[in-house]
Every structure is written in C-alpha cells, then in structure tokens.
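Participant: Sequence:
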Amino acid sequence: MLETIHQDFPIQFSCATGYGRKHFPDADIIKTEINCAAVGGARSLAGEKNIIDIGGEDIKVIRCNAQNNVEHFYLNNKCAAGTGAFITEIAERAELEISEMSRLAAKSNFNQELNSFCTVFAKTEIMGWLFNGLAKADIARGIYLSIANRTSKLRVDVNVPILLIGGVIAYHPFLRDLLEEKFHQKVIVAEKPIYVVSLGAALIAKYHYLKNRERSKEVEVVE
-8 MLETIHQDFP IQFSCATGYG RKHFPDADII KTEINCAAVG GARSLAGEKN IIDIGGEDIK
52 VIRCNAQNNV EHFYLNNKCA AGTGAFITEI AERAELEISE MSRLAAKSNF NQELNSFCTV
112 FAKTEIMGWL FNGLAKADIA RGIYLSIANR TSKLRVDVNV PILLIGGVIA YHPFLRDLLE
172 EKFHQKVIVA EKPIYVVSLG AALIAKYHYL KNRERSKEVE VVE
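Quick note on numbering: the sequence shown equals residues -8 to 214 in our numbering.
Honestly, the hints are just simulated from the structure, not real lab data. A virtual CB, placed ideally from N, CA and C, is assigned to each residue, including glycine. Keep in mind that the hints are not guaranteed to be accurate.
Stated by the list, open to error - Straight-line distance between alpha carbons at most 20 Å, and here's what the computed DMTMM-like set of lysine to aspartate or glutamate pairs gives: (1) 127 x 86; (2) 51 x 129; (3) 114 x 83; (4) 51 x 168; (5) 98 x 86; (6) 51 x 39; (7) 127 x 182; (8) 183 x 205; (9) 127 x 116; (10) 51 x 171; (11) 197 x -1; (12) 13 x 62; (13) 98 x 148; (14) 144 x 168; (15) 173 x 129; (16) 98 x 48; (17) 51 x 62.
To be verified - If you anchor each label on the Cβ, the simulated ranges turn out as follows: (18) 16 x 112: 38 to 46 Å; (19) 57 x 86: 16 to 24 Å; (20) 185 x 3: 19 to 27 Å; (21) 57 x 16: 29 to 37 Å; (22) 23 x 149: 20 to 28 Å; (23) 177 x 63: 50 to 58 Å.
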C-alpha cells in the first residue's frame, strides 16, 4: 500500500497507527491512536482537554494536559456498546437511514433510551418500539440518548473543555447536542473529526523526519 501511495506522494517518513498498525512493518514509526489523537486534536483545540473519540469499535476518553500530552485514557468496557458498529446494526433493524438519523432525532422530544447496551438485546427493544408504533424520529433520538448516556458514564473531567473526534460524530452530529446536555458545557467538534487521528500520525511523522534531518546536518558539520 505504501508503494502505491508513494507513486503519487513521495513519502519521506511514515507513521502507522490504529488497529491495523502492526500490518505495516515497513513504517518508520508506529504509534497508538491515543497518541495520534492527542497530537491531531491539538490542531482543533490546544491545551488541557478531554478528547472523546467515538469510533467504529470503541469509545475512548483521552485526558490531555496543558502541553497537549496524554495524561491518561479510558475505554468503554462492554463490547461494541455505543460505537459506530452498534449504531449501524441498531439503525438497520429500525429501518433507519444513517444519513437521516440526526435530522430525524432533532425533531423529537423522546426521552427514553435503550435499556441494553448489548446489540442483541437492543435489537429486541427496537423491535418492541416498532411494534408499539413509535415514530422513527423518536427511535433515532432514543438510540442517540443511549450513546450519550453511555459516553457520559466514562471518566470525563467536566472541569476542562471537551473535543469530539471520530467517525460517529462526523456522521451523527446530533450527538453533540445530547452530550452538551449531559456534560453541561459547550462541546467542540474537531474540524473533519474522522481524520484527526490520521492528521496526528502525519504530524508525528513530520516531526521525526525533521528531527532526523537536523541530526544528519549536525553529523555532516562534524565530519
């Protein structure tokens, strides 16, 4: 893959990250998505903050200090509960279009969440809602409420700003409104949130490339 990319974009230094990072043994450096999220997130919100990354397979809360470094992080601990995979499966059972969910949820005042975070049981609840004739707008809001409540139970420091990143917030912007209600503060969504971790990896690669180049110059001067 790197060879294919290199045909169009000359690669001086590479950084692999994410769940597939181990599949890129030729990468110059390998970093976790936690570190890359902190570096990329600093471009949208510098300084002390919580980064909430609602991804396809997990939810991460990353606590960064004033220097944008990771102090600690937490993960959701129940399978795919509240993640993009969860939304996709539940929405499919509810016959909801992913692209329409936020628009529909914004029309509803429904205030009941799904009782279960297990996808199997949640699907059963959805079937009950459909059987009882619940409107699709209410179902969409109920799904989002479940995710917002799940996220709010993670260890988020409400005394510092919150930055949202990841694919879920990119495709489900209504979640921001519910999270602001849960955390009682304005929540910032990163610019192009789905690419924040990739941006962080690119910035880390750039940093190490420039650092190595400076070292090479110093060696040349000594010689």
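Participant: Confirm or reject each hint.
Facilitator: Going through the hints against the structure:
no.: 1; hint: 127 x 86; in the structure: holds (8 Å)
no.: 2; hint: 51 x 129; in the structure: violated (27 Å)
no.: 3; hint: 114 x 83; in the structure: holds (9 Å)
no.: 4; hint: 51 x 168; in the structure: holds (19 Å)
no.: 5; hint: 98 x 86; in the structure: holds (18 Å)
no.: 6; hint: 51 x 39; in the structure: holds (16 Å)
no.: 7; hint: 127 x 182; in the structure: violated (29 Å)
no.: 8; hint: 183 x 205; in the structure: violated (32 Å)
no.: 9; hint: 127 x 116; in the structure: holds (14 Å)
no.: 10; hint: 51 x 171; in the structure: holds (17 Å)
no.: 11; hint: 197 x -1; in the structure: holds (18 Å)
no.: 12; hint: 13 x 62; in the structure: violated (24 Å)
no.: 13; hint: 98 x 148; in the structure: violated (30 Å)
no.: 14; hint: 144 x 168; in the structure: holds (17 Å)
no.: 15; hint: 173 x 129; in the structure: holds (19 Å)
no.: 16; hint: 98 x 48; in the structure: violated (28 Å)
no.: 17; hint: 51 x 62; in the structure: holds (13 Å)
no.: 18; hint: 16 x 112: 38 to 46 Å; in the structure: holds (40 Å)
no.: 19; hint: 57 x 86: 16 to 24 Å; in the structure: violated (47 Å)
no.: 20; hint: 185 x 3: 19 to 27 Å; in the structure: holds (25 Å)
no.: 21; hint: 57 x 16: 29 to 37 Å; in the structure: holds (36 Å)
no.: 22; hint: 23 x 149: 20 to 28 Å; in the structure: holds (25 Å)
no.: 23; hint: 177 x 63: 50 to 58 Å; in the structure: violated (23 Å)
In summary, the numbered hints that this structure violates are 2, 7, 8, 12, 13, 16, 19 and 23.
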